[in-house]
Amino acid sequence: MKRTVYVILGCSCVLGVYAQKERIQRIDSYLDLLENNKQGIAAVAISQDGEVVYERQMGYTQMPDGIGGRNDLKGRIGSITKMVTATLIWQLVEDGKIDPAETLDRYFPEVPESGKITLSQMLNHTSGLGDIVVKNDTVIDWLLEPVSKEELLSEIVRQGVFFEPGDSVKYSNSAYYLLGQIVEKKYGRPYEEVVKEKITTPLGLKNTLSNVASGSTVLPSYKLNYNTQTWEETKDFYFPNVVGVGDMLSTPTELNVFIKALFNGELVSSSSVQQMLPEEGKMFGKGMTLVPFYEKMLYGHGGSTFGSYSLVAFQPEEQTAFSIIMNGQEMLMNSVLIGLLSIWYDRPFEFPVFADRDRMFDKSLYSSFEGVYGAEGFPIKINVFVKNEELYMQGTGQPSFSLEQVDDRIFDKKAYGVKVEFTEDGKMILTQGPRFVLEKETN
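1 is the number of the first residue of the sequence shown in this note's numbering; add one for each residue after it.
Here are the simulated EDC-like pairs of lysine to aspartate or glutamate, each with C-alpha atoms no more than 20 Å apart in a straight line:
1. K427 - E404
2. K206 - E193
3. K38 - E404
4. K186 - E94
5. K185 - D99
6. K170 - D137
7. K21 - D32
8. K186 - E110
9. K135 - E150
10. K419 - D362
11. K196 - E184
12. K198 - D95
Don't read these hints as lab results, they were simulated from the structure.
The task is simple: from the sequences and hints, build the whole structure.
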């Protein structure tokens, strides 16, 4: 575990020094709890007014071979890369080298409907283009091995468009892959060289870079082995396949530097930043997404690969940046973030309760929990059943999964953010964000 706290003194500090110290201590306790229960391997950073107020590594000492002892480790940031690509596009716009109203056929005429697809639509996911990550609509692991640019473009062409450009919204990895290739065409250099010249070197970012397949300072992706309770390395993308889409590496601290610089005019003008932000009522802008938290509106981008999960978010009025990179996830990153933000913004938040792996529960109750549960207005049925002396649940049309017992009548599945309580009167209380009370159906 590595944790560093910085105390900011000065009138610009949004939170009082003592209140901030208390929040940080509670965040530490929260992450200690997650770490001790092997809920993830992560790095977290919070910055305010451009100063780091909190840094923490969680679970690094649990990684094999002492990898966590290094202080130069970089994590995969997945689709946060798209925000970098969008920044490069807006720099080109400001330099008069590109027009967001240009159509894709100027660069890739072989793509179906390219004469109707604008760069602006590609930036905000309204182009209709598909998902390069999935080949032939079914193969999800084809980018784990090296693939040529010709093969990538061929798959984009095969997929075509899913709707008339501009008529709907579909998150498109293909659109951002092509935007990254347009950046290379405009500069006549590889994407990673442009990123270095235009973004990382001007900002002094030494641990943020593109197009790295592997290396001694690159954090692998891990999954928890439930039998041994150890983190084991898992195969992830061959990242040079997804340049401009999800290939970049960084640290939470440097992500916070990047997003603050972006919002404060160090990379593009304020008018370009406004273009990047989502319009009111929309989730996607032309480079950034909305990250709402109750009344707080934050902006940034998330990312996920086959084994890493990340997010960077910025609150412009408070000049506060939050970043997390998880390269091992048992508790959903979204659930971890809800805890962090709840503590930071003084929202009511109860620390999660984890199963005591040494406690022996009475499994004779399991049969009384079995059945099909539902409620008026609830969209699916939930089937609860026993298999191999474990309790499972399965939603209509969804895969089944085992539940982990927390108390005599309480179970959860941290990986899916699910908590279940079986009441003595035969109801099931299901919490997955919202809370639902479901009735057991009778024959």
